[in-house]
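Line by line, the protein sequences give chains G and D. Counting from 1, position 142 in the first sequence corresponds to residue 142 in the numbering used here; the numbering is continuous, with no gaps. If you count the second sequence from 1, you need to add 151 to reach the numbering used here.
Keep in mind the hints are simulated off the structure, nothing from the lab. This one's a predicted model, so the numbers in the text were calculated from it and none came from an experiment. Mixed in with the good hints, there may be bad ones.
Pairwise CB distance ranges (calculated) [said to hold, decoys possible]:
| # | chain 1 | residue 1 | chain 2 | residue 2 | range |
| --- | --- | --- | --- | --- | --- |
| 1 | G | L11 | D | K334 | 52 to 62 Å |
| 2 | D | E163 | G | I115 | 26 to 36 Å |
| 3 | D | Y573 | G | P15 | 17 to 27 Å |
| 4 | G | I115 | D | N526 | 51 to 61 Å |
| 5 | D | T427 | G | S36 | 49 to 59 Å |
| 6 | D | F274 | G | L11 | 42 to 52 Å |
| 7 | D | N1004 | G | S36 | 21 to 31 Å |
| 8 | G | E31 | D | K368 | 57 to 67 Å |
| 9 | D | G320 | G | I146 | 44 to 54 Å |
| 10 | D | R279 | G | I146 | 32 to 42 Å |
| 11 | G | P15 | D | T636 | 44 to 54 Å |
In silico DSS-like links for lysine-lysine, alpha-carbon gap of 30 Å or less [what the hints assert, rightly or not]:
| # | chain 1 | residue 1 | chain 2 | residue 2 |
| --- | --- | --- | --- | --- |
| 12 | D | K597 | D | K639 |
| 13 | D | K278 | G | K67 |
| 14 | D | K334 | G | K30 |
| 15 | D | K838 | D | K940 |
| 16 | G | K5 | D | K940 |
| 17 | D | K595 | D | K611 |
| 18 | D | K949 | D | K1013 |
| 19 | D | K278 | D | K266 |
| 20 | G | K124 | G | K141 |
| 21 | D | K334 | G | K67 |
| 22 | D | K921 | G | K65 |
| 23 | D | K760 | D | K719 |
| 24 | D | K614 | D | K600 |
| 25 | D | K921 | D | K940 |
| 26 | G | K97 | G | K141 |
| 27 | D | K595 | D | K557 |
| 28 | D | K456 | D | K719 |
| 29 | G | K65 | D | K334 |
| 30 | D | K368 | D | K278 |
| 31 | G | K5 | D | K869 |
Computed, partial: chain G to chain D, Cβ under 7 Å [as the list claims (entries may be wrong)]:
| # | residue |
| --- | --- |
| 32 | G56 |
| 33 | T59 |
| 34 | F60 |
Heads up, the beta-carbon is just placed ideally off N, CA and C, and yes, glycines get one too.
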Amino acid sequence: MEFLKEIEEILNRYPDRQGALLPSLYVAQKEYGWLSQESYEAVAQALNLPPATVKGVATFYAMYKHKPMGRHLIQLCTNVACMVMGAERLVDLLKNKYGLEPGGTTEDGRFSLVIMECIGACDKAPAMLVDTDFHADLNEKRIIEILESYK
Amino acid sequence: MIKLTIDGKEVELEKPVTVLEAAKKAGIRIPTLCYFEGLSPFGGCRLCLVEVEKLPKLQTACTLMAADGMVVRTETEQIKAARRAMLEFLLINHPLDCPYCDKAGECELQDLVAKYGPEAGRFAEGKRQHPENFDDPIIVRNMERCVLCTRCIRMCNDLQGAYAITVTGRGSHSFVEPFSGGKYNCEYCGNCLTVCPVGAIMSRLHRHSYRPWFVEKEVETTCGYCGVGCSLILQMREERIIRTIPRVGLGLNNGLLCVRGRFGYDFVESRDRLSTPMINVNGELRPVSWQEAYEFVIRRLKEIKETHGPTAIGGIASGRCTNEDNYMLQRLMRFVIGTNNIDSTARLYYAPAVAYLEQIFGQGITANLIPGIANSDGALVIGGDPTTINPILGLQIRALWRSGGKVIVVGAPGGLKRFASYEVVPRPFAEEIVLSAVVSRLVKEKELKGELTHLEEKIKGLKEPAEGDLQAAGVSAETIDRMVTDLKAMETPVIVIGPELLQHGRPSKNLFLTAALAYAINARMFVLSERPNYQGVIDMGCLPDMLPGGRPIDFEMFRHKIEETLGKEVPQNKGLNLFEMIDAAADGRLKALYVMGEDLLFSLPGREKTRKALEGLDLLIVQDIYLTETAKMADVVLPAASWSEKDGTFTNLERRIQRVRAGRTISSGRPDWQIVSEIARGLGDDKVFSSAHDVWEEVIHISPLHAGLSYEDISEGKAIWPYHGEPLRGVEGEFDVEGLDSLPKVDTDAIILNMHRPLYHSGSTSRRSKALISIFPEPVLMMNPSDAKGIGVEEGEKVRLATSNASIEVKVKIDRDLQQGVVSLSNTFEGVNFMRFVDYTVEPTTGSMVITNNSVKLEKVKE
């Protein structure tokens, strides 16, 4: 399995197996889209760590997803600067246009929305991440244009 | 020397400890919540905050090391305010459901709030909601009550080593959960229950059935499940056991228990318990009075003795009964009836192992202290999984590994999987080849001490396996190199010997090799014991060739000493052992058998042979707590008192003698020693025993090993080998080894049926515990994934398992750690037990049984 090979490589970079846990979880998340019980077990087995320990670590971090996600993950900031610049209107817009609730996924599985704490782009607020792409200076028109490019 | 001042008191410390421990030493109590003796400090609850001069902020006493010149104050207004604030924070989410919480009355949070306040909280947000989880049969979790002290997790990871639970989520959404989120599927030691300070993790067994202050009495006793002999406390109300708990500082288990000890106590209240004596009338067991039963037994024994002589009578003692019970049975057989026909199922491996090793090294060679294992720097484990056979001993090996020691497991690692430096898994029953290779190499590289010439001569004659032999055994030459290097480097090694080392292949050769290894690297040996009192059975003289105290019957001097002391004759000729008694019953030489606390049909291989033998008897007396399969065949059945209903002592595998005390006293059964005593008196014995203590007084009178060892000494923990008595030394010497100059052939094609020794069960007693049955409810055949795939079967599906003895359908459970070519079945469930499938032969040299007819046919059952 490709995924196991990648974990093997990661292991080489760390002094012990525990150290390789976070990057290995990322690999698993990339492979499955989210982290299920089965993926915790797969990682636990690959690293020879107890499954409960793996689950404990994984559920602590917000960057790991613990339920199935859409094809594209929108992480929209609604922190102070973005809020002042209208981010909450954008949240409403996503709800109306795509039926997308914060923390939810569209019915067609295209988008998932996560409300982020500050992503450090206050000078270009409101801002968001779509998958790993950064988009700033959003407004109601621009956000739709951007999202429409993600199929 | 560190000197510091705590609350104005000068405290002097020999070695550096935390401020909390220093205060404890000075008799000052600092409140704690997340601290638990024996667990690593966490510093999470902030209740042990103390003021230290020259430090700007309050410090946690549980993590702060005491330093010279420190001035500490533990109760100031500032500290009290801080503690009150911490408790107020905890009560934001902790529900105030004390009226129906089982913990109320022994809840640490409740006590702390009572002492420090606050009387009211200022947070009006409402408490977090998280429904109680009842997915598990034994443990109920109420995470609304959890204060996240992580004591359970540190216990599970650092002491138990099960790594079953974790904190999931973060912030106020943090909860302690097992991996599944519901069922624990763990080792079910329940040690998390011991450490939980609040009512978050609780036992379901006695849920809402008591309040802690309902406990009327506490009885300190010794667990009746395995040969470790953990100390536990029976908490009683109205003569019923409410629960059993361990206690930190008490016994060799020091606050820990395993699943059987903690949850398995309810077998004593099983509905299957016998309620009255019974006599077989025309093939049917009919209730009779005790008087009738005694008269029947006495009359029949007299008749048989007169007609056929004393050697036509035999007795089977029990590893589940106390020393006093067993002593009385051998007393009846030897001194009253006049036969040495007495043995027990210790014969299945334990007694031969100990006898053989003692023959080489002298009496007491296996009597080593279990708590010392953790301080060793290396262990070799062979022939069984200590974490399931003797769980608390298993924890010691885990601790050894944790503190940096090497643990080498020969065979499937089982519960040592995460705690073995490496495992060497030879093909089934090729351990002999691995050990031969290791011993041969080791003695080439390391000179022997020259102390035991009889052993060294045999080592010289050992055949070293060639490359091809190792290949057949499935072990590489590099592995042997590694083992030799590691074993040589160990300074304080231990060797743990399990039952399988004797029950397969050539027992004497395997034992000899282990002894040679122990001699070469100077290791302490432990023989795992499946029953609480196998060692006691041996020491009480329940062997056909040994008198109480382990004195050989051949030595006239010992016989005479007993004759002088008791005024009774001791029969001279060696008696029949367990297997010989079965054979003698089958061919009519043995006419009567007195079976105490043993289910022979269930515990022995070769069931048909045993059944025929028992059928052929003129008199079968079965004394038990249940109507076992053997009891159903009996001419007379005598109901016995169970473990929690009688007084006495057990001798554990380290030969420590410990008290068993009666808790529950309501039972229609009578203590075994008492029943035997009544029968002995009917047969002309004039001695009256009115308590277990009386019996013990006689034991210490006639056994030189136990001389002068009173119940008081035992209660004080002084009964550690070699007691005050005299171990028998100097009779060790010549011993035989079968096949010193040959190696076994390894059968690579057969699928071998092995005995599964699950953590949750030990023979048929645990089957009567509702709690243990809820964890492991039905017989399962453990299979390696690739073997399962080979016959196209998946977990939960059924296979037909067949030998020439039996062909039975059984569910499959996949076990990744089981070696290929081996399937295993436990000897727990009536009808589908391991022993039913297999036969045995007896190796003459050791007298140990070797399992045969264990090559099985497997076929998937089509639904």
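Hint check results:
1. A C-beta distance of roughly 31 Å is found between L11 (chain G) and K334 (chain D), which places it outside the suggested range of 52 to 62 Å.
2. In this structure the hint that E163 (chain D) and I115 (chain G) lie 26 to 36 Å apart at CB is violated, the actual value being about 58 Å.
3. At about 20 Å, the CB distance of Y573 (chain D) to P15 (chain G) agrees with the hint of 17 to 27 Å.
4. Here the CB-CB span from I115 (chain G) to N526 (chain D) is close to 54 Å, well matched to the stated 51 to 61 Å.
5. At roughly 57 Å, the beta carbons of T427 (chain D) and S36 (chain G) sit within the given window of 49 to 59 Å.
6. The given range of 42 to 52 Å is respected by F274 (chain D) and L11 (chain G), whose C-beta atoms sit roughly 45 Å from each other.
7. Distance hint check: the CB atoms of N1004 (chain D) and S36 (chain G) are about 45 Å apart, inconsistent with the given range 21 to 31 Å.
8. A C-beta distance of roughly 59 Å is found between E31 (chain G) and K368 (chain D), which places it inside the suggested range of 57 to 67 Å.
9. Taking the beta carbon of each, G320 (chain D) and I146 (chain G) are about 32 Å apart, not inside 44 to 54 Å as hinted.
10. Roughly 38 Å separates the CB atoms of R279 (chain D) and I146 (chain G), a value that falls within the hinted 32 to 42 Å.
11. In this structure the supplied range 44 to 54 Å is violated for P15 (chain G) paired with T636 (chain D), their Cβ-Cβ distance being about 24 Å.
12. For the suggested pair K597 (chain D) and K639 (chain D), the alpha carbons sit about 8 Å apart, so the restraint of at most 30 Å is met.
13. For a cut-off of 30 Å, the pair hint linking K278 (chain D) to K67 (chain G) stands: about 26 Å separates their Cα positions.
14. For the given pair, K334 (chain D) sits about 29 Å from K30 (chain G) by alpha-carbon distance, which is consistent with the 30 Å threshold.
15. For a cut-off of 30 Å, the pair hint linking K838 (chain D) to K940 (chain D) is broken: about 64 Å separates their Cα positions.
16. Proximity of K5 (chain G) to K940 (chain D) is assessed by CA-CA distance (about 25 Å); at most 30 Å being required, the pair is judged to hold.
17. Restraint check: the Cα-Cα separation between K595 (chain D) and K611 (chain D) comes to about 10 Å, which is no more than 30 Å; the hinted pair holds.
18. Among the hinted pairs, K949 (chain D) with K1013 (chain D) is consistent with the structure: their alpha-carbon atoms are about 8 Å apart, no more than 30 Å.
19. At roughly 23 Å between alpha-carbon atoms, K278 (chain D) and K266 (chain D) fall within 30 Å of each other, so this suggested pair holds.
20. At roughly 16 Å between alpha-carbon atoms, K124 (chain G) and K141 (chain G) fall within 30 Å of each other, so this suggested pair holds.
21. With a C-alpha separation of about 21 Å, the suggested pair K334 (chain D) and K67 (chain G) falls inside the 30 Å cut-off, and the hint holds.
22. A threshold of 30 Å between alpha carbons decides the hint, and for K921 (chain D) with K65 (chain G) the separation of about 40 Å lies outside it, so the pair is violated.
23. For the hint linking K760 (chain D) to K719 (chain D), the alpha-carbon distance of about 36 Å lies beyond 30 Å, and the restraint is violated.
24. Between the alpha carbons of K614 (chain D) and K600 (chain D) the distance comes to roughly 21 Å, so the proposed pair stays at or under 30 Å and holds.
25. A distance of roughly 33 Å separates the Cα atoms of K921 (chain D) and K940 (chain D); the hinted pair therefore is violated under the 30 Å criterion.
26. The straight-line distance between the Cα atoms of K97 (chain G) and K141 (chain G) is roughly 12 Å, inside the 30 Å bound, and the hint therefore holds.
27. At most 30 Å may separate the alpha-carbon atoms for a hinted pair to count; K595 (chain D) and K557 (chain D) meet this at roughly 22 Å.
28. Our distance criterion of 30 Å between C-alpha atoms is met by K456 (chain D) and K719 (chain D), whose separation comes to about 17 Å.
29. Between K65 (chain G) and K334 (chain D) the alpha-carbon distance is near 23 Å, which keeps this suggested pair within the 30 Å criterion.
30. Straight-line distance between C-alpha atoms of K368 (chain D) and K278 (chain D) comes to about 38 Å, which puts the hinted pair past the 30 Å bound.
31. A C-alpha spacing of about 57 Å is found between K5 (chain G) and K869 (chain D), which places the hinted pair above 30 Å, so the restraint is violated.
32. Among the interface hints, the one on G56 (chain G) holds; its C-beta lies about 3 Å from the nearest C-beta in chain D, closer than the 7 Å criterion.
33. The beta carbon of T59 (chain G) comes within 4 Å of a beta carbon in chain D, closer than 7 Å, and the hint placing it at the interface holds.
34. Interface hint status for F60 (chain G): upheld, as the beta-carbon distance to the closest one in chain D is roughly 5 Å, under 7 Å.
Consistency note: the structure conflicts with the earlier hints numbered 1, 2, 7, 9, 11, 15, 22, 23, 25, 30 and 31.
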